[in-house]
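Starting from the structure of chain B, add chain Z where the hints point.
Heads up: the protein sequence lines correspond to chains B and Z, in order.
Here the first sequence is numbered in the working numbering, starting from 1 and rising by one per residue.
Here the second sequence is numbered in the working numbering, starting from 1 and rising by one per residue.
The hints are simulated quantities; they were obtained by calculation from the structure and are not laboratory data.
Hints are not guaranteed to be accurate.
[Said to hold, decoys possible] To give an idea of the interface, some chain B residues facing chain Z are shown, with a C-beta separation under 7 Å as derived from the structure: (1) 6; (2) 58; (3) 127; (4) 138; (5) 260; (6) 328; (7) 331.
[As the list claims (entries may be wrong)] Here are the computed lysine-lysine pairs in the DSS-like style, where the Cα-Cα straight-line distance is at most 30 Å: (8) 3(B) to 46(Z); (9) 3(Z) to 46(Z); (10) 294(Z) to 117(Z); (11) 89(B) to 46(Z); (12) 89(B) to 49(Z); (13) 155(B) to 136(Z); (14) 196(Z) to 3(B); (15) 3(Z) to 196(B); (16) 116(B) to 46(Z); (17) 116(Z) to 300(Z); (18) 196(Z) to 50(B); (19) 211(B) to 46(Z); (20) 46(B) to 294(Z); (21) 46(B) to 211(Z); (22) 46(B) to 89(Z); (23) 49(Z) to 3(B); (24) 3(B) to 136(Z); (25) 49(B) to 46(Z); (26) 89(Z) to 89(B); (27) 155(B) to 50(Z); (28) 49(Z) to 46(B); (29) 49(B) to 3(Z); (30) 136(B) to 294(Z); (31) 155(Z) to 89(B); (32) 50(Z) to 89(B); (33) 3(Z) to 136(B).
Just so it is clear, CB atoms sit at the ideal spot from N, CA and C, and this is done for glycine as well.
2 protein chains.
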Amino acid sequence: MNKGTISLAHGNGGRLMQQLINSMILGNFGNPILNRLDDSAVLPLKSGKKRIAFTTDSFVVNPIFFPGGDIGKLAVCGTVNDLLMVGAKPLFLSAGMIIEEGFPLDQLGRIIVSMKKTMQTAGVRLVCGDTKVVNKGNCDKIFINTSGIGIIDEKQDIGIARARPGDAVIVSGTIGEHGISILSRREGLRFATRLKSDCAPLTCLVGAMIKACPGAIHVMRDPTRGGTAAVLNEIAVSSNVGVEVDENRVPVANAVRAACELLGMDPLYLPCEGRLLACVDSRKADTVVRVMRKFSPGEKSAIIGRVVAAHRKSVYLRTSGGGARILDVPVQEQMPRIC
Amino acid sequence: MNKGTISLAHGNGGRLMQQLINSMILGNFGNPILNRLDDSAVLPLKSGKKRIAFTTDSFVVNPIFFPGGDIGKLAVCGTVNDLLMVGAKPLFLSAGMIIEEGFPLDQLGRIIVSMKKTMQTAGVRLVCGDTKVVNKGNCDKIFINTSGIGIIDEKQDIGIARARPGDAVIVSGTIGEHGISILSRREGLRFATRLKSDCAPLTCLVGAMIKACPGAIHVMRDPTRGGTAAVLNEIAVSSNVGVEVDENRVPVANAVRAACELLGMDPLYLPCEGRLLACVDSRKADTVVRVMRKFSPGEKSAIIGRVVAAHRKSVYLRTSGGGARILDVPVQEQMPRIC
Chain B
1 MNKGTISLAH
11 GNGGRLMQQL
21 INSMILGNFG
31 NPILNRLDDS
41 AVLPLKSGKK
51 RIAFTTDSFV
61 VNPIFFPGGD
71 IGKLAVCGTV
81 NDLLMVGAKP
91 LFLSAGMIIE
101 EGFPLDQLGR
111 IIVSMKKTMQ
121 TAGVRLVCGD
131 TKVVNKGNCD
141 KIFINTSGIG
151 IIDEKQDIGI
161 ARARPGDAVI
171 VSGTIGEHGI
181 SILSRREGLR
191 FATRLKSDCA
201 PLTCLVGAMI
211 KACPGAIHVM
221 RDPTRGGTAA
231 VLNEIAVSSN
241 VGVEVDENRV
251 PVANAVRAAC
261 ELLGMDPLYL
271 PCEGRLLACV
281 DSRKADTVVR
291 VMRKFSPGEK
301 SAIIGRVVAA
311 HRKSVYLRTS
321 GGGARILDVP
331 VQEQMPRIC
Chain Z
1 MNKGTISLAH
11 GNGGRLMQQL
21 INSMILGNFG
31 NPILNRLDDS
41 AVLPLKSGKK
51 RIAFTTDSFV
61 VNPIFFPGGD
71 IGKLAVCGTV
81 NDLLMVGAKP
91 LFLSAGMIIE
101 EGFPLDQLGR
111 IIVSMKKTMQ
121 TAGVRLVCGD
131 TKVVNKGNCD
141 KIFINTSGIG
151 IIDEKQDIGI
161 ARARPGDAVI
171 VSGTIGEHGI
181 SILSRREGLR
191 FATRLKSDCA
201 PLTCLVGAMI
211 KACPGAIHVM
221 RDPTRGGTAA
231 VLNEIAVSSN
241 VGVEVDENRV
251 PVANAVRAAC
261 ELLGMDPLYL
271 PCEGRLLACV
281 DSRKADTVVR
291 VMRKFSPGEK
301 SAIIGRVVAA
311 HRKSVYLRTS
321 GGGARILDVP
331 VQEQMPRIC
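Next comes chain B alone, as it looks inside the complex (with noise of 0.2 Å):
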């Protein structure tokens, strides 16, 4: 493959950006602590009983501000989030900035103070950072690189390597909104106006799905590039199960739902930035759903499936129609610096 070029859809969380992770990073750096390629690293280092989380997402989003947020929350929301996934309690953020000559101060002040009130919100402090500016033309106004360190309680253990068979699927609410946001921004598309993002830190929202369930929570991902899709299908190959998913039972807002039918998209393919998606023991499903609906986040929080024993590494739809088929990962790119 070395005699190609990078594509759009070696970036878009589906099936190259996959091969490119084992060839090229697994292949050369692989080591039992990045070969789980979880959220976050765990990593073997430890302060007191508690494992120490560690992780890293750059933010290359277009456009920088949009509805319901702008790459500062976003960088934020991202990395914690991120921590969260594993089980773990977020603590210190950096921040490494890319910015183009000539950008406007202004807005790079409006983006600082969205990052500060996003860590405050989220219960993290930046730690340490970094600025380059480039020549004008050498990147687009200003990408933002977060990496994050949490820790996690000896009693946790969540990792998509963890879903069982007759675990239920949940999703903390509507899928699609930061997608179709940006989108709508992007493209000048009337009809998704009042949508937002639906970007946001999942602190509060986890750390109790955490206390009230502790240790039934097996799987926590956020679906972000790739979707819902990419994520179930993470999870049915890393656990090595199979996962059904009922498509009705998958919250959709309207506005969303009319945007994919004019656009021709699948809302399960739509990058969220504020949403997670849990295989959780089935005897606690319930519980942990009804924890979730009392905060905002995840108000519209709904059990959507679950795992099995059958068709392995795949997973199934039921469409609303009654049938079923297979939901594969994203192949082509749909949606270039959604994040």
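Structure of chain Z alone, referenced to chain B:
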């Protein structure tokens, strides 16, 4: 200042960058950990009796391949060296790549292999990563962010604010090769073709320094953007001391000196990526230099000056002509995208 725009000088390690950090970053995010502005944050999180250090850096160097290294090697060295500068043993790295659509996969492969080799030399492991692809023209080829985690032995207390009058100022070798090698490649300068970047991980060098004279090393800092002049000024301000440097004693390679004369540049403002400056208890300075010279990136180590109680917050240069002048921080951008 929020009326203006970002200029290249906001990223050059000099006065405008300091103002930006003070007003926007510390003004909004200030906390006791961040405010220290050391090369790595020292976290209030311990692993056994060891403290944990955390740092981040984005790399946007142009060209991405240069004599003595490439953007991948640089991204590993930069973050590893920042951990070393607070006395930490580097352990774990993250890598966040932003890649332009159409970037050749074989070049990506070369960069990744270079990162892998440098990590092996430096004794660190990649534990998490992220890849974003942006549309053609939205970034220039590839940018890499690396963040890193290391552990600090309980006895070490190295920081930019710990220089004391009487300390010797040590540099680990000739300065400015990285700057001139990038510049010569970028501008096609013939005279400097044999010059290589000093880019190197300093793990062994720093480990030996600390082992030889535990407690005697008060400050370490690698002179990257803004060069030796910027670092000496940061030490003078943060430690509230004066610094005096003898120009004659500062090691400069002949090719760098020639290039500087031709281009009207001063080696003291040129960036290095495999050198360090240290303030060391003067009674131990000769021992430290002797140890440093045993390692290839430290072969030309030398005492170049001293920390004094006079002219606090200022750096004086005793020039080769016998005079003395203030060595100020850089103001104008000399070299964008040097790291």
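Restraint check for residue 89(B) with residue 46(Z), where alpha carbons must lie at most 30 Å apart: holds (16 Å)
Agreement of residue 49(Z) and residue 46(B) with the hint, judged by alpha carbon distance not exceeding 30 Å: Measuring from Cα to Cα gives roughly 11 Å; hence the hint holds.
Straight-line alpha-carbon gap residue 211(B) to residue 46(Z), limit 30 Å: holds (25 Å)
Restraint check for residue 89(B) with residue 49(Z), where alpha carbons must lie at most 30 Å apart: holds (22 Å)
Given hint residue 89(B) paired with residue 155(Z) - CA-CA distance at most 30 Å: Holds, because 29 Å separates the two Cα atoms, which is no more than 30 Å.
Pair hint outcome, residue 3(Z) versus residue 136(B) [Cα-Cα no greater than 30 Å]: Within the cut-off at roughly 18 Å; holds.
Hinted pair residue 136(B) and residue 294(Z), Cα distance within 30 Å: Judged against 30 Å, a Cα distance of about 44 Å means the pair is violated.
Closest C-beta approach of residue 127(B) to chain Z relative to 7 Å, hint status: Constraint on residue 127(B) satisfied, holds at 4 Å.
Given pair status - residue 89(B), residue 50(Z), alpha carbons within 30 Å: The hint holds at about 21 Å.
Pair hint outcome, residue 155(B) versus residue 50(Z) [Cα-Cα no greater than 30 Å]: holds (23 Å)
30 Å Cα cutoff - pair residue 89(Z), residue 89(B): holds (25 Å)
Satisfaction of hint between residue 136(Z) and residue 155(B), Cα-Cα up to 30 Å: violated (46 Å)
The earlier numbered hints that this structure contradicts are 5, 6, 7, 8, 9, 13, 18, 20, 23, 29 and 30.
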